Amino acid sequence: MSLTRSPVGDIERPSAYKWDVPSAVLAAYAPLAAESDDENTISVYGSIGRDWDGNGFTAQRMAAALRSIGANPVTVNINSFGGDMFEGVAIYNLLAEHPAKVTVRVMGIAASAASAIAMAGDEVLMGTGTMIMIHRAWGLAIGNHHEFTEAASLFQKFDQLQADIYATRTGLGEDEIFALLDGTNKNSDGTFMTAAEAIDKGFADGKFDKATDSKAKAALPADIQAMRRIDAALAKQGVPRKERNAMLKEVKGERDADPATRDAGEDDHKNLAAISTALTSNLSILRR
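Quick note on numbering: the sequence shown equals residues 1 to 288 in the UniProt record's numbering.
What you were told as hints is all true, and nothing was included just to trick you.
Below, in silico cross-link-like pairs of lysine-lysine (DSSO-like), each with a Cα-Cα straight-line distance of 27 Å or less: (1) K157 / K201; (2) K157 / K186; (3) K207 / K101; (4) K186 / K201; (5) K101 / K201.
Estimated spans, in silico, between C-beta atoms of each pair: (6) L140 / G206: 35 to 41 Å; (7) G206 / E150: 40 to 46 Å; (8) P99 / R61: 15 to 21 Å; (9) G70 / I142: 43 to 49 Å; (10) K186 / G143: 22 to 28 Å; (11) E150 / D53: 26 to 32 Å; (12) E176 / G143: 32 to 38 Å; (13) D209 / F155: 38 to 44 Å; (14) D205 / F148: 36 to 42 Å; (15) T168 / E147: 27 to 33 Å; (16) N185 / D209: 35 to 41 Å.
It should be emphasised that the hints constitute simulated quantities derived from the structure, not laboratory data. Since this is a predicted model, take the numbers as computed values, not measurements. Glycine included, each C-beta is placed from N, C-alpha and C at the ideal position.
Turn these sequences into a full structure, and let the hints steer you where they fit.
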């Protein structure tokens, strides 16, 4: 077991469950490309669960990393907008059961499911300019009143599960946790916390020296960052995640197939132009 955390109960995944992330969180997310030289460091970057590019960070990946590290202290670097809450809970439990100290470092943002994962740390540290964001369970439901009732029940279970995780970590009362999950207008906005605010409320313990993490702050290639911005913009317009994934995969396929835009190092502008052209074509199809 981790030194201070306990595993939380699991929730059965509905057969038709599809995860998504609030557009405000996607807009605030800044991708990083980073791998640590420390073999006992795990980087949780991008989506929690499989993303449109097939990369995402999964519980299976965390389990494999922890098996490799063994019963030794582990550092978990997080820069994630969140994603699949089922995967997030599983990852949280894996870290909570780790037999040695777990240190979590927020490198950019730990939002949504990623914020729950961060709470598994025996020590949670934040870099300058980083944020933790929490919100109520968020998603879409299609069907009759039975499906909507089932969805509401599922969201309430996740809300309570999150509240238990955050309350255990922070010592805050349940009412205060739910107020933070609601945000100012209770419309799925949730609450963004700066490092100072997160530390003050008990979501984090302190800050780390950013000077030692220059490698972890390296930016992703421009074309990948553009794809992330496109995903956020489409989410804001209400395009379902399944359709966004299909469009982004097609855009990626068209870009990779073009020899003139294959090497981002030679000409990022060509890559971005290819992305823009392919996206325009896909949006035209979507609007028909």
